[in-house]
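Residue strings, one per chain:
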Amino acid sequence: MLKLLSALIVFGAWEIGGRIPVSYAFPTFIDSMAALARMTFDGSIFVAYAETLQPLVVGVLISAVVGIGLGLWIGLSKGFEWLFSPIFVVMQAAPLAALIPILVMVYGIGLTSKVFVVCIMAMPVIVLNTASAVRNTPASLKEMATSFLARDRDVLLKIILPAASPVIFSGLRLGVSAGFIGAILSELKITPTGVGDIITYSRSIADYPSMYAAIFSIILLAVIFLNLLEKLENVLFEGNNRGYAAD
Amino acid sequence: MQPIKSDTRRAVTETDSAVSVRNVSKVYGDVQALKDLSLEFPRGELTSLLGPSGCGKTTLLKIIAGLLEPTSGQIEVNGAKVTGPGPDRSFVFQDFALLPWASVIRNVAFGLELRGVAKSEREAIAEKYIREVGLAGFEKKFPHQLSGGMRQRVGLARALSVNAQVLLLDEPFSAVDEQTRRKFQEDLLELVKTEKKTFIFVTHSIEEAVYVSDQIAILLPRPSRVSEIIRPSSFRDKSVDNIRRDPEYLDIVDRIWASLRSYVE
Ligand SMILES: Nc1ncnc2c1ncn2[C@@H]1O[C@H](COP(=O)(O)OP(=O)(O)OP(=O)(O)O)[C@@H](O)[C@H]1O
Ligand SMILES: [Mg+2]
Numbered sequence: 146m147l148k149l150l151s152a153l154i155v156f157g158a159w160e161i162g163g164r165i166p167v168s169y170a171f172p173t174f175i176d177s178m179a180a181l182a183r184m185t186f187d188g189s190i191f192v193a194y195a196e197t198l199q200p201l202v203v204g205v206l207i208s209a210v211v212g213i214g215l216g217l218w219i220g221l222s223k224g225f226e227w228l229f230s231p232i233f234v235v236m237q238a239a240p241l242a243a244l245i246p247i248l249v250m251v252y253g254i255g256l257t258s259k260v261f262v263v264c265i266m267a268m269p270v271i272v273l274n275t276a277s278a279v280r281n282t283p284a285s286l287k288e289m290a291t292s293f294l295a296r297d298r299d300v301l302l303k304i305i306l307p308a309a310s311p312v313i314f315s316g317l318r319l320g321v322s323a324g325f326i327g328a329i330l331s332e333l334k335i336t337p338t339g340v341g342d343i344i345t346y347s348r349s350i351a352d353y354p355s356m357y358a359a360i361f362s363i364i365l366l367a368v369i370f371l372n373l374l375e376k377l378e379n380v381l382f383e384g385n386n387r388g389y390a391a392d
Numbered sequence: 004m005q006p007i008k009s010d011t012r013r014a015v016t017e018t019d020s021a022v023s024v025r026n027v028s029k030v031y032g033d034v035q036a037l038k039d040l041s042l043e044f045p046r047g048e049l050t051s052l053l054g055p056s057g058c059g060k061t062t063l064l065k066i067i068a069g070l071l072e073p074t075s076g077q078i079e080v081n082g083a084k085v086t087g088p089g090p091d092r093s094f095v096f097q098d099f100a101l102l103p104w105a106s107v108i109r110n111v112a113f114g115l116e117l118r119g120v121a122k123s124e125r126e127a128i129a130e131k132y133i134r135e136v137g138l139a140g141f142e143k144k145f146p147h148q149l150s151g152g153m154r155q156r157v158g159l160a161r162a163l164s165v166n167a168q169v170l171l172l173d174e175p176f177s178a179v180d181e182q183t184r185r186k187f188q189e190d191l192l193e194l195v196k197t198e199k200k201t202f203i204f205v206t207h208s209i210e211e212a213v214y215v216s217d218q219i220a221i222l223l224p225r226p227s228r229v230s231e232i233i234r235p236s237s238f239r240d241k242s243v244d245n246i247r248r249d250p251e252y253l254d255i256v257d258r259i260w261a262s263l264r265s266y267v268e
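Order-wise, the sequence lines are chains Z and S. All residue numbers for the first sequence refer to our numbering, where the first residue is 146 and numbers rise by one. All residue numbers for the second sequence refer to our numbering, where the first residue is 4 and numbers rise by one.
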């Protein structure tokens, strides 16, 4: 309900901003939605997403699987943090735009480069969150499990993972949003395809409603995706949304 | 383990120890927590470990549990050397150590879950112990919905449900108010009678130790050894209401206070 209200306020402000207008390049909300409707009906938005979603989905999946795996491994191993964490901290801080030419040089302008961009954006936060969540598993819970004869596998599956899951999932959410940015960025910087192409092209012909419609649609998609992720978390780790005992 | 009749109990237990601690030392870096400590825990009785803060009571309990390695010396449980945690011992943690994402019943059944007991069976056992500690009706609640004392009882039920012969309790009543504490102490006496298990009980409270124990081991400050073992004899079989008025009870409380006060000052 509150979410709906805040959306209404934002859209209202957008509409007003477009009507003043703040800039001749800033269309109204209604114009943008009309453009979105037009692109939906003529199917061009779906064609664009078929293109954009490829590196995004592939990159996010790789980042999630490899990122959580690496994070678990770094978090569980005693001696390797000093070796790996800095790599991901640097990756997280690196100016991506500067890396893109190198990627293009090595992997060309195809799917591979774009997947790389998505991974570079999405993976570090997933790895770092997972590793620190694993590391911060309450020692008393691990000790308790050990005293009740848990094997290493039980400790991992029944203590470490559930205890770390809220932070892992928040890393996933951040990683997925960063992956969306990476996907669009790669389409703007490498080759204009998919949604990035709509943005670039409509800007070049000054069709600002279409440009904003494309940007809006990707934000919408990201929000929907993040909500789905939250649902997944609630299904997988039912108890987490029940709050924590403060002891 | 055969049940021991209460009238013969004292005579039998002189020779029958459930747990033996032999010359155990523990060094943490440059801190010597335990030094050459030996102690016998008679089967079917409750032994309290009493001593000033930081003297190594938790350390000793964790060594007995197999959670910590002694630097030297060894522990025997039923004559077998301890090399790690085992099904013959279970631990009640001072900070409860409940799974916040699991319901009361899953927490209580967790030890059985780790042992691979089928779900329906372990929940039936868990329910029995939840009732026994007075938490019936709270099976589906989560730890954050319980008071400190209730959480402590969940930890106790979990330790009881695996049916270990030796129960290690680390200041199990520290989180509850005085009234609840007295209730717990009475319940504990009842448990010792009905469960016929060996209880090793860490406490800060002299009165509590004297009230619930068959044997009280007083530990010296670091590096700690056993300075004195006291076995109350006359009031243990009296009804719970009369213990606190028993002359021997009052006498022992005074004696322990006299020997511990020098370390507090
Ligand atoms: N993991 C550890 N590393 C280093 N020193 C430790 C560790 N655990 C305990 N110690 C030290 O060993 C000593 C005994 O600790 P322990 O926790 O066993 O005391 P305790 O008798 O249980 O105290 P309290 O009554 O306050 O709970 C303390 O001086 C403590 O500083
Ligand atoms: Mg302690």
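These are calculated hints, taken from the structure and not from any lab test. Only a predicted model underlies this, so the values are computations on that prediction, with no experimental measurement involved. A couple of the hints might just be wrong.
Taking lysine to any residue pairs in the SDA-like style, the calculated list, with each CA pair at most 20 Å apart, reads [claimed, not checked]:
| no. | chain 1 | residue 1 | chain 2 | residue 2 |
| --- | --- | --- | --- | --- |
| 1 | Z | K303 | S | R234 |
| 2 | Z | K287 | S | I259 |
| 3 | Z | K303 | S | P88 |
| 4 | S | K143 | S | A121 |
| 5 | Z | K334 | Z | V249 |
| 6 | Z | K287 | S | R118 |
| 7 | S | K65 | Z | V249 |
| 8 | Z | K303 | S | G140 |
| 9 | S | K65 | Z | L294 |
Cβ-to-Cβ under 8 Å is the rule here; a few derived chain Z residues that face chain S [said to hold, decoys possible]:
| no. | residue |
| --- | --- |
| 10 | G224 |
| 11 | W227 |
| 12 | M289 |
| 13 | A290 |
| 14 | T291 |
| 15 | S292 |
| 16 | D297 |
| 17 | P307 |
| 18 | N379 |
| 19 | F382 |
Where is the CB? At the ideal position from N, CA and C, for every residue including glycine.
To test your reading of the hints: which numbers does this structure violate?
1, 2, 7, 8, 10, 11, 16 and 18
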